[in-house]
Amino acid sequence: MKRILIRGGRVIDPAAGTDDTLDVLIDDGRIAEVAGSIEADDVSTTVDADGRIVAPGLVDIHVHLREPGNEDAETIESGSRAAVHGGVTTVAAMPNTEPPIDTASWVEFVASRKAAARVLPVAAITVGRRGENLTEMAELRTAGAVAFSDDGCSVLNAALMRRALDYARMVGVPVVSHCEDPALSGNGTANEGLSSTRAGLKPVPAAAEEVMVARDLILAGTTGARLHVAHVSTAGSVELVRRAKADGLPVTCETCPHYFSLTDEEVLTYDSSVRVNPPLRSRTDVEAIREGLRDGTIDAIASDHAPHTHEDKEVEFDAAPPGMIGLETLLPVTLTNLVDGGVLDLPAALALLTHRPAGILGLPHGTLAVGSEADVCIVDPTTSRTIEASWFRSKSKNSPWIGRKLRGTVTTTICRGEIVSAENGGDTGADPSASPGRGRKLAVHA
Amino acid sequence: MQWTKRHLLGLEGLSREEIATVLDTAAIFKEILGRPVKKVPTLRGVTIANLFFEASTRTRMSFELAEKRLSADTINFSASTSSVKKGETLRDTARNIEAMMVDMVVMRHSSAGAPHFLAKHLDASIVNAGDGTHEHPTQALLDLFTMREHVGELQNRKVVIVGDILHSRVARSDVWGLKALGAEVTLVGPTTFMPAEIEGMGASVSQDLDRAAEDADIVNILRIQRERQEGGFLPSLREYTRLFGVTSERVAGMRDDVVIMHPGPINRGVELAPDVADGERSVILEQVTNGVAVRMAVLFLISRVRASERTEDAELLAEVSI
Ligand SMILES: [Zn+2]
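Chains W and U are the protein sequences, given in the same order. Counting along the first sequence from 1, when you hit position 10 you're at 10 in my numbering, and nothing is skipped either side. Counting along the second sequence from 1, when you hit position 110 you're at 110 in my numbering, and nothing is skipped either side.
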């Protein structure tokens with residue numbers, strides 16, 4: 001059996017409150033021992049982690065892998081390679097594929113694909129994500145669905161959403177709500193404010209998100225079901241969730257790195273890589289998101305990894321599909337903007353990327369506890385680098401971080417006791433098909 | 001002369017000196033347009049593509065005339081963005097323009113930022129002829145030119161812009177230009193037509209046209225699209241006209257020397273009463289004339305920057321070969 005010894009790293013396991021220089025021994029795919037100085041025989045691989053951070057593999061509960069239906073942008077395999085390249089060992093894959101993941105066989109399809117990371121399917125709330133009829137949630141759960149979401153749109157019919165929450169409570173998994181009132185967001189592409197006014201882009205008011213957050217919190221209250229609010233982006237949403245939690249509702253929420261890092265002023269460049277849904281918000285919102293992360297209102301950081309091909313994104317801002325890739329920059333952006341930004345200390349930031357998101361979906365991952373599956377993320381926190389398009393393992397390169405400097409390099413990722421990614425040599429994630437976009441001048445977008 | 005830009009994408013960020021340069025240059029061209037022979041050889045050998053992805057007869061004619069007066073070679077392309085998949089057209093067009101070695105592109109597009117997109121990918125200079133609800137810089141420059149002709153320097157002058165500010169690229173460009181020249185701008189219109197945080201651009205906002213316009217030097221009236229009523233922005237055009245329509249009774253409450261402007265085309269009887277449009281305070285037709293002179297100035301100034309770039313290239317090459 002394979003035994004890996006990780007020597008002398010700063011082991012941070014927020015779930016256990018561990019932060020110390022320790023060794024970690026992995027045996028037969030599980031964490032065997034975490035101690036000051038481990039003497040072990042028959043070690044097949046020793047990883048020198050001196051000066052590095054040894055953390056649980058990251059858990060990203062909001063990821064789009066585009067398979068089935070849009071394999072040009074990403075596949076489960078390429079997306080999982082991007083995941084482990086970013087230190088992410090568990091991803092929850094959203095069901096807004098073509099066709100959507102709304103039957104047990106599609107859930108099984110997603111779960112069974114070859115992948116470098118653990119890919120857990122999220123199933124649709126409604127058949128075809130059309131907002132009309134509930135999916136067979138119990139069967140989907142049995143097939144492996146870890147949550148339900150019509151992500152990409154809200155379930156508009158409030159009565160149906162209420163039934164969905166009710167039924168999901170019986171099934172025992174959370175409903176992940178994409179909160180957006182399309183009548184308010186319209187065909188808007190930028191946060192309503194001075195930036196949308198200056199850029200002349202159609203505005204999306206914060207209220208488009210907040211009225212749905214409020215509605216879903218009320219419905220969660222009446223049903224007692226587990227509601228998880230996806231990609232919270234506004235000060236008002238944070239405040240609504242804060243009050244709901246104070247009232248004792250079983251609600252959780254996540255935000256994404258771009259919502260605590262970038263403001264809506266980014267749209268003034270018309271660079272379509274900053275077109276996301278919900279849109280980048282104001283400075284005030286960014287501050288409120290940071291405060292929500294600090295005071296525990298926000299439970300997790302998820303990437304909302306949304307790959308799109310160069311051809312799809314290299315168009316006018318309002319014609320581009322929303323979304324940016326994020327699996328590989330999840331940790332560096334968090335280190336650069338939350339830890340270096342003085343919002344959170346390192347263990348608190350890592351908690352939001354490991355055991356807290358795992359807890360939302362009731363997963364046993366995101367910890368280095370002895371006996372748990374050996375998912376480990378080893379980080380060199382000293383290096384800063386300017387992100388280049390060629391660095392990404394994702395099939396898509398739609399990232400606003402290209403050309404910007406970020407701190408922290410994931411040097412080794414271990415998933416289920418196997419080294420699945422290593423930054424310096426021994427890289428298992430090379431993808432010869434991942435050439436940068438076609439076209440001459442138009443391909444250059446960094 | 002203070003002009004170093006190789007594109008005109010908007011008036012945001014232009015300095016007082018840059019705008020004054022365009023207006024001073026336009027004054028020279030306006031004088032030329034008054035001569036029996038209205039054509040100058042200034043842009044001989046320069047190729048300009050007029051790309052109109054959105055219909056606009058007036059702006060297109062004005063640019064085409066400006067180009068002809070400057071002796072440029074021109075090609076025209078018009079297509080509706082709704083009939084073809086967005087983006088594809090623009091990308092393909094960009095490649096074609098590049099292959100045809102066009103020097104300048106005059107572009108109208110329904111997407112904000114579309115000219116910025118082309119400017120990023122082409123060597124040609126881009127002149128924005130209106131992009132979505134973002135900017136319409138040459139319209140604003142002709143507005144400023146016309147204003148200056150009538151009231152002199154615009155420093156501390158009071159300008160009221162009334163109408164659908166939310167959907168107006170002209171209003172945005174006017175605000176940037178007027179603020180750069182030191183004018184006081186008040187935007188008037190129903191609250192549903194006010195873009196979020198527009199005060200951040202340096203203008204004040206009012207819903208009381210009579211108050212806002214009583215001591216104004218200039219009242220610039222924007223076109224009201226009839227379909228805004230269906231969009232839920234207005235209860236009715238009738239109510240709009242009652243609250244914000246510029247009628248002769250309203251003009252009677254303004255200064256005797258107030259200047260009435262409108263970028264056209266006018267919805268007569270909606271935002272502007274016919275007798276005011278055709279009345280003695282109206283300078284609407286002068287705006288059209290000035291549009292040609294201003295566009296000649298813009299094309300001329302940009303072509304000079306390009307020419308100087310080529311000279312620098314030549315000097316650089318000469319240095320390298322020595
Ligand atoms: Zn979503």
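Simulated from the structure, these hints should not be mistaken for laboratory data. Some clues are possibly wrong.
As the list claims (entries may be wrong) - Below are the BS3-like pairs computed for lysine-lysine, each with C-alpha atoms no more than 27 Å apart in a straight line: (1) U:30 to U:179; (2) U:179 to U:158; (3) U:120 to W:202; (4) W:114 to W:2; (5) U:30 to U:68; (6) U:39 to U:158; (7) W:202 to U:179; (8) W:405 to U:120; (9) U:68 to U:39.
Of the numbered hints stated earlier in the document, which are not met by this structure? 6
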